[in-house]
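2 protein chains.
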Amino acid sequence: MKIEAVDFFYLAMPEITTEADGSQDALLVRVAGGGHVGWGECEASPLVSIAAFVTPMSHGVCRPVADSVLGKPLDNAEDIGRIAADVEYNSMDLLQAAHTFSGVEMALWDLLGKATGEPVWRLLGYSASHRKTPYASVLFGDTPQETLERARTARRNGFTAAKFGWGPIGRGSVADDADQFSAAREGLDKNGILLVDVGQIFIEDVEAAAARLPALEAAGALWLEEPFQGGALDAYGALARRSGKVKLAGGEAAHNIHMARHLIDFGGVGYVQIDCGRIGGIAPAKKVADYAVKKGVTYVNHTFTSHLALSASLQPYAGLADHRICEYPAAPKPLAWEFTASHLERDGNGEIAAPDAPGLGIEISPEGVRKYLREAEIKVDGRVIYATPRL
Amino acid sequence: MKIEAVDFFYLAMPEITTEADGSQDALLVRVAGGGHVGWGECEASPLVSIAAFVTPMSHGVCRPVADSVLGKPLDNAEDIGRIAADVEYNSMDLLQAAHTFSGVEMALWDLLGKATGEPVWRLLGYSASHRKTPYASVLFGDTPQETLERARTARRNGFTAAKFGWGPIGRGSVADDADQFSAAREGLDKNGILLVDVGQIFIEDVEAAAARLPALEAAGALWLEEPFQGGALDAYGALARRSGKVKLAGGEAAHNIHMARHLIDFGGVGYVQIDCGRIGGIAPAKKVADYAVKKGVTYVNHTFTSHLALSASLQPYAGLADHRICEYPAAPKPLAWEFTASHLERDGNGEIAAPDAPGLGIEISPEGVRKYLREAEIKVDGRVIYATPRL
Chain A
1 MKIEAVDFFY
11 LAMPEITTEA
21 DGSQDALLVR
31 VAGGGHVGWG
41 ECEASPLVSI
51 AAFVTPMSHG
61 VCRPVADSVL
71 GKPLDNAEDI
81 GRIAADVEYN
91 SMDLLQAAHT
101 FSGVEMALWD
111 LLGKATGEPV
121 WRLLGYSASH
131 RKTPYASVLF
141 GDTPQETLER
151 ARTARRNGFT
161 AAKFGWGPIG
171 RGSVADDADQ
181 FSAAREGLDK
191 NGILLVDVGQ
201 IFIEDVEAAA
211 ARLPALEAAG
221 ALWLEEPFQG
231 GALDAYGALA
241 RRSGKVKLAG
251 GEAAHNIHMA
261 RHLIDFGGVG
271 YVQIDCGRIG
281 GIAPAKKVAD
291 YAVKKGVTYV
301 NHTFTSHLAL
311 SASLQPYAGL
321 ADHRICEYPA
331 APKPLAWEFT
341 ASHLERDGNG
351 EIAAPDAPGL
361 GIEISPEGVR
371 KYLREAEIKV
381 DGRVIYATPR
391 L
Chain B
1 MKIEAVDFFY
11 LAMPEITTEA
21 DGSQDALLVR
31 VAGGGHVGWG
41 ECEASPLVSI
51 AAFVTPMSHG
61 VCRPVADSVL
71 GKPLDNAEDI
81 GRIAADVEYN
91 SMDLLQAAHT
101 FSGVEMALWD
111 LLGKATGEPV
121 WRLLGYSASH
131 RKTPYASVLF
141 GDTPQETLER
151 ARTARRNGFT
161 AAKFGWGPIG
171 RGSVADDADQ
181 FSAAREGLDK
191 NGILLVDVGQ
201 IFIEDVEAAA
211 ARLPALEAAG
221 ALWLEEPFQG
231 GALDAYGALA
241 RRSGKVKLAG
251 GEAAHNIHMA
261 RHLIDFGGVG
271 YVQIDCGRIG
281 GIAPAKKVAD
291 YAVKKGVTYV
301 NHTFTSHLAL
311 SASLQPYAGL
321 ADHRICEYPA
331 APKPLAWEFT
341 ASHLERDGNG
351 EIAAPDAPGL
361 GIEISPEGVR
371 KYLREAEIKV
381 DGRVIYATPR
391 L
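As given, the protein sequences belong to chains A and B, one line each in that order. Once you know that position 100 of the first sequence is 100 in our numbering, the rest is easy, because the numbers rise by one and skip nothing. Once you know that position 327 of the second sequence is 327 in our numbering, the rest is easy, because the numbers rise by one and skip nothing.
To be clear, the hints were calculated from the coordinates, so they are not data collected in a lab. Treat the hints with care, as some may be off.
BS3-like cross-link-like pairs, simulated, lysine-lysine; straight-line CA separation at most 25 Å [said to hold, decoys possible]: (1) A/K379 to B/K379; (2) B/K379 to A/K371; (3) B/K72 to B/K2.
Computed list of chain B residues with no C-beta within reach of chain A, every gap over 10 Å [unchecked claim]: (4) A5; (5) D7; (6) G34; (7) R82; (8) S182; (9) E345; (10) G350.
Distance ranges between label pairs, derived from CB positions [said to hold, decoys possible]: (11) B/E207 to A/E375: 49 to 55 Å; (12) A/E4 to B/A208: 34 to 40 Å; (13) A/E345 to B/G296: 57 to 63 Å; (14) A/K190 to B/E207: 51 to 57 Å; (15) A/K2 to B/D75: 55 to 61 Å; (16) B/A208 to A/S173: 51 to 57 Å; (17) A/E4 to B/E146: 36 to 42 Å; (18) A/A128 to B/A208: 36 to 42 Å; (19) B/G296 to A/K72: 41 to 47 Å.
Ideal Cβ positions, reconstructed from N, Cα and C, are used throughout, including at glycine.
All chains, full assembly: derive it from the sequences and hints.
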């Protein structure tokens, strides 16, 4: 088949706040070809990512993403790889291209899976989709008491693992942060898996991050996530050499395979976290998973949004039985829940798995999409190059 | 003063081709405050970069660049650093932000220089602006004969150094490429400085790149530029260990300081090439120059567009007397020449220097801007969030 159409749907909550909650808006991608339709999602700024698909060309290697996708053949996994290589070369000077293409690539896999009747994980070469232990991904409360309550809620909702992120951590004293970590531990009970995400707050200040290690170890945190800017490999490496039982985790900002590999090789992370909505889609994430296996590092998905993104993010490591932890958006905004008609519900053991169904195995809800759809339009020299498409 | 307004002007040639010539369009940035005006230029996709400035917020760390710039105080260099840090944090999930902010940051320096009556290089801490040896930056011809003629033209135009880039290199045989290299050498004469840029053509294939080394050495090429993707540090490092007299050069794709440092530390480049229109502006480029000095690597600007971009790109290493080579857009499209009213002309020795004048020392030509200005408009939910501003 040929890729006949690529359409972008910009969804948003009526009000967007400054909290670090990426489920407040979404960029849904629909790809059509051969009588089938595939869906994907960019974990990225919707409007800017749309612009990178439709913009006029600047020069030979600053072309819109559309140029490498529309009208191209799609009959097997190699075709997706060929399109990805074209995007990488033809759009090398277009920084946003990786974020834009991530959602498109996901949709291409969904389309190919539907056309062939195979789940994506099988198209990737896996023979089984192993069950994963989801952790609830929540934000630290403003106070330790709030954090304690959120941890209790997570446990009450059947989560044996929870990740606390952002909030006041790193903005006050080391003792303040220690109170937060121990509140999270208390709420999870002593057997719960506790993960901590500090959202790059220490920029590249190794000492400031290291000062939090004793409290993290005392609280039994399994990992410390994103202490520094995504590219601060030296800082990661220096902290990793001192972090003892608490392993470093990072990688969500990786917008190409190189960045993820460098975090492993030079940054010394113990957990590499990949967002398929940013790294260029499912295939590059699978390559990172292969590399992680080779290097003795554990692969984890990064997913804070919808169950479409969740299914996509499970595919790259669905066949890795030993890489069990998975991020699960425990309290997304209604938008992220409502625009899919199906969800990856946890089973009796509280576990989930990439669906054994064609493509990504997730149905879109047209009502859910319509409810949050924003109207956007981009015009150049009087010509409309983007308008919100019909569902 | 306060930053009162930031305006973007999207310029383009009437026809854009697929040649790797980044001067076919331009994104000019005007910043106003305290009765002064500063100008900068993004070396990036104009429309996508504009979108990153004006887009609605997605969440707390995926905010439009505007949020960290408009209305902020600007009285000294530290203020620019503070704004840059805010952009980096508040827009960490907005990939295009670095490209957008690059032109804004340049304009902030120009504005600050005009307000204080100082050239930017002095605000950066340099006491002199040393003269540089410009190399003509041209593309390889389709045939060795064409390349020979372009080399002769460069020499006839008074250039003692020339860089040949892109074209057929890496697409045919090793022998074909050798013919091109030797044609360039012949045209430059035996004393000319020959530089070769292959535009990432080998992706991360070390052997394919290494196969060209003997011919490059025979032609006396000083450097081999961008053999691989910007992030392919392993490939860079492996080739650097085998490259002998021909040093590796790279860095133009760096959109943060980390990337440039990693090319030095892990990629083993001998020349680090920074585009102020991509790395986040002038201050991060200066930090790379400081790091290059410390590591015994030579700093070079990357500039293929206007003389506004050229002046900006000279500032970060204006005071480094030993870092003499500079890229000089020898044959830009008329647009890039015409939108500035002043230019950095070469002196009797064929040399140039960052101007000893307030700010960047380059005047904008309103007629030149108007001639190439494109009308663009971005609307969300019926509200116009960008329209081409008045000059």
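Against the structure, the hints come out as follows:
1. Taking the CA atoms of A/K379 and B/K379, the gap is near 9 Å; set against the 25 Å cutoff, the hint holds.
2. With a C-alpha separation of about 19 Å, the suggested pairing of B/K379 with A/K371 holds against the 25 Å cut-off.
3. Distance hint between B/K72 and B/K2 is fulfilled; the C-alpha atoms sit about 6 Å from each other, no more than 25 Å.
4. Annotated as non-interface, B/A5 keeps its C-beta farther than 10 Å from every C-beta of chain A; the closest such distance is 21 Å.
5. No Cβ of chain A approaches the Cβ of B/D7 within 10 Å, the least distance being about 17 Å, so the stated non-interface status holds.
6. With a minimum CB-CB distance of about 29 Å to chain A, B/G34 clears the 10 Å threshold, and the non-interface call stands.
7. With 10 Å as the threshold on Cβ separation, the claim that B/R82 sits away from chain A holds: the shortest Cβ distance comes to roughly 13 Å.
8. Annotated as non-interface, B/S182 keeps its C-beta farther than 10 Å from every C-beta of chain A; the closest such distance is 25 Å.
9. Once the 10 Å rule is applied to beta carbons, B/E345 is consistent with being away from chain A; the minimum gap is 26 Å.
10. Chain A leaves B/G350 outside its interface by the beta-carbon criterion, the shortest separation being 28 Å against a cut-off of 10 Å.
11. With their beta carbons about 52 Å apart, B/E207 and A/E375 fall inside the hinted range of 49 to 55 Å.
12. In this structure, A/E4 and B/A208 meet the distance hint of 34 to 40 Å, their C-beta atoms being roughly 35 Å apart.
13. In this structure, A/E345 and B/G296 meet the distance hint of 57 to 63 Å, their C-beta atoms being roughly 59 Å apart.
14. The hinted range of 51 to 57 Å is satisfied by A/K190 and B/E207, whose Cβ atoms lie roughly 54 Å apart.
15. With their beta carbons about 58 Å apart, A/K2 and B/D75 fall inside the hinted range of 55 to 61 Å.
16. Evaluation of the 51 to 57 Å hint for B/A208 and A/S173 yields a pass: the beta carbon distance comes to about 54 Å.
17. Distance hint check for A/E4 and B/E146: the Cβ-Cβ separation is about 40 Å, which falls inside the suggested range of 36 to 42 Å.
18. One distance hint, 36 to 42 Å for the beta-carbon pair A/A128 and B/A208, holds here, with the actual separation near 38 Å.
19. Between B/G296 and A/K72 the Cβ separation comes to about 46 Å, which falls inside the hinted range of 41 to 47 Å.
The structure agrees with every numbered hint stated previously.
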